[in-house]
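One line per chain: the protein sequences are A and B, in this order. Be aware that the first sequence starts at 1, since it is given in our numbering, and climbs by one per residue. Be aware that the second sequence starts at 1, since it is given in our numbering, and climbs by one per residue.
These aren't lab readings, by the way, just hints derived from the structure by calculation. These figures come from a predicted structure and were not determined experimentally. Some hints could be false.
To be verified - The following residues of chain B were derived to be distant from chain A, with all beta-carbon distances above 10 Å: (1) Gln10; (2) Glu18; (3) Glu31; (4) Thr96; (5) Ser112; (6) Ser120.
To be verified - Cut-off 25 Å, straight-line C-alpha distance, at most; resulting in silico cross-link-like pairs (PhoX-like, lysine-lysine): (7) A:Lys91 x B:Lys142; (8) A:Lys91 x B:Lys140; (9) B:Lys126 x A:Lys91; (10) B:Lys122 x A:Lys91.
For each residue, glycine too, the CB sits at the ideal point set by N, CA and C.
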Amino acid sequence: MKANAEVTIKTEKKTVTAVLSGEIDHHSAPPIRQAIDEAVIVFEPEELVLDFGLVSFMDSSGIGLVMGRYRLLEDMKCKLSVINLSSHAFKVMKLAGLDKIANLTKGGDSYEGKK
Amino acid sequence: MKVKNEMKLQLKSRSVNEGYARMAVSAFACELDPNVEELNDIKTAVSEAVTNCIVHAYNNELGTIYITVKLLENSTVEIKIRDRGCGIEDVKQAMTPLFTTLGGDRSGLGFSVMESFSDSLKVTSKKGKGTTVTIVKRIKGKASF
Ligand SMILES: Nc1ncnc2c1ncn2[C@@H]1O[C@H](COP(=O)(O)OP(=O)(O)O)[C@@H](O)[C@H]1O
Ligand SMILES: [Mg+2]
Numbered sequence: 001m002k003a004n005a006e007v008t009i010k011t012e013k014k015t016v017t018a019v020l021s022g023e024i025d026h027h028s029a030p031p032i033r034q035a036i037d038e039a040v041i042v043f044e045p046e047e048l049v050l051d052f053g054l055v056s057f058m059d060s061s062g063i064g065l066v067m068g069r070y071r072l073l074e075d076m077k078c079k080l081s082v083i084n085l086s087s088h089a090f091k092v093m094k095l096a097g098l099d100k101i102a103n104l105t106k107g108g109d110s111y112e113g114k115k
Numbered sequence: 001m002k003v004k005n006e007m008k009l010q011l012k013s014r015s016v017n018e019g020y021a022r023m024a025v026s027a028f029a030c031e032l033d034p035n036v037e038e039l040n041d042i043k044t045a046v047s048e049a050v051t052n053c054i055v056h057a058y059n060n061e062l063g064t065i066y067i068t069v070k071l072l073e074n075s076t077v078e079i080k081i082r083d084r085g086c087g088i089e090d091v092k093q094a095m096t097p098l099f100t101t102l103g104g105d106r107s108g109l110g111f112s113v114m115e116s117f118s119d120s121l122k123v124t125s126k127k128g129k130g131t132t133v134t135i136v137k138r139i140k141g142k143a144s145f
C-alpha cells in the first residue's frame, strides 16, 4: 500500500530542505523520517528545513517527526526550521512546545484555501 | 440528549486504516456543518485514538477496532473508539503529557492532543480486556467565525 504522504529532499549549499506533502500520521511517517535522516547524515548541513506547505493533515506523529529530527541534529550543530505550517499543524506543534526547540513559521495561504 | 444519526464502523488494526477512520468519521460529522478547524480537530483526535489501538492495544498484531459515532440533537458529536487489546494499567499516568511506553518517534502526546481538540475525553480501560476512548465535541460551525 502506497503511503499517503511523500517527501522531496533538496540540498543547497549547507541547507537540506525536506518538502513534505500529504497526510502525516503513524502510517506514513516512517519512510519520511528515514529519507530525511539519510540526507542529514550524508550532507551534514548547517540547517534542516522541514517544509509543511503541502501537508494536508497531521497528528502527533508530526510532533514525533520534528522532535526526533531535533534530537538527531542536537549533536550536529545544525539548526532546525519548520516552515509553511497550516494553522492546524501550527496548533498541534505549539501544543507540544515545539516552538521552543525549532523555528516555526506559518504559511501564507496554507491548505485550508486549497481544500 | 436525542441521537439524530449514528454510524458504526469496524476496522482491522492495520495502520493504513488510520486515514480511512478519520476520513469516515469526519465525513459523517459533516451533517452538523462543522467549520474547517472543527473538522481538523475531529480528524486529529480520531487519528490519535485509532493509532493507539494499533500500536499499543494490539501491539502491531491484528485485532479489531470498533468505532461508534453519534450525532446528537444539540449539535454535538460523540465518538467512541474501542479495542479488545492489552488495556491500560494506570489510565491517569497514561494520560500524562509526554508519557509513553514506546520509544522512537512516539511523542507521548496523543491523549493531550485528544483532550485539547475536544470538549471532553473519557478513557476507560481494563488490563487484558481493552480500552474505550470517548471523545465529545460540540460543533459551533460556521457561526463561530
Ligand atoms: N488503546 C490503548 N491500549 C493500550 N495502551 C494504550 C492505549 N492508548 C494509549 N495507551 C498507553 O498510553 C500511553 C500514552 O498514549 P499517547 O498519549 O497516545 O502517547 P503515545 O501513543 O505517543 O505513546 C501509550 O504509550 C500507551 O502505553
Ligand atoms: Mg498515541
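Exercise. Going by Cβ atoms, does Ser112 of chain B stay more than 10 Å from chain A at every point?
Worked result: 7 Å, violated
Problem set entry | Given pair status - Lys91 of chain A, Lys126 of chain B, alpha carbons within 25 Å | Violated: Lys126 of chain B and Lys91 of chain A sit about 32 Å apart, past 25 Å.
Exercise. Would the pair Lys122 of chain B and Lys91 of chain A pass a check requiring their Cα atoms to be no farther apart than 25 Å?
Worked result: OK: Lys122 of chain B and Lys91 of chain A at ~22 Å, within 25 Å.
Exercise. Does the claim that Gln10 of chain B lies outside the interface with chain A hold up, using a Cβ gap greater than 10 Å?
Worked result: 18 Å, holds
Problem set entry | 10 Å Cβ clearance of Glu31 of chain B from chain A | Holds, since 18 Å exceeds 10 Å.
Exercise. Are the Cα atoms of Lys91 of chain A and Lys140 of chain B separated by 25 Å or less?
Worked result: Distance ~19 Å between Lys91 of chain A and Lys140 of chain B Cα, so the pair holds.
For this session: Evaluate the condition: distance from the CB of Thr96 of chain B to the nearest CB of chain A exceeds 10 Å.
Result: 14 Å, holds
For this session: Beyond 10 Å from every chain A Cβ: check whether that's true for Ser120 of chain B.
Result: 17 Å, holds
Exercise. Can the restraint linking Lys91 of chain A and Lys142 of chain B be considered satisfied, given a maximum Cα separation of 25 Å?
Worked result: 19 Å, holds
Problem set entry | Assertion that Glu18 of chain B lies farther than 10 Å from chain A (Cβ) | Per Cβ check, Glu18 of chain B is inside 10 Å of chain A; nearest 5 Å; violated.
Hint violations for this structure: numbers 2, 5, 9, all remaining hints satisfied.
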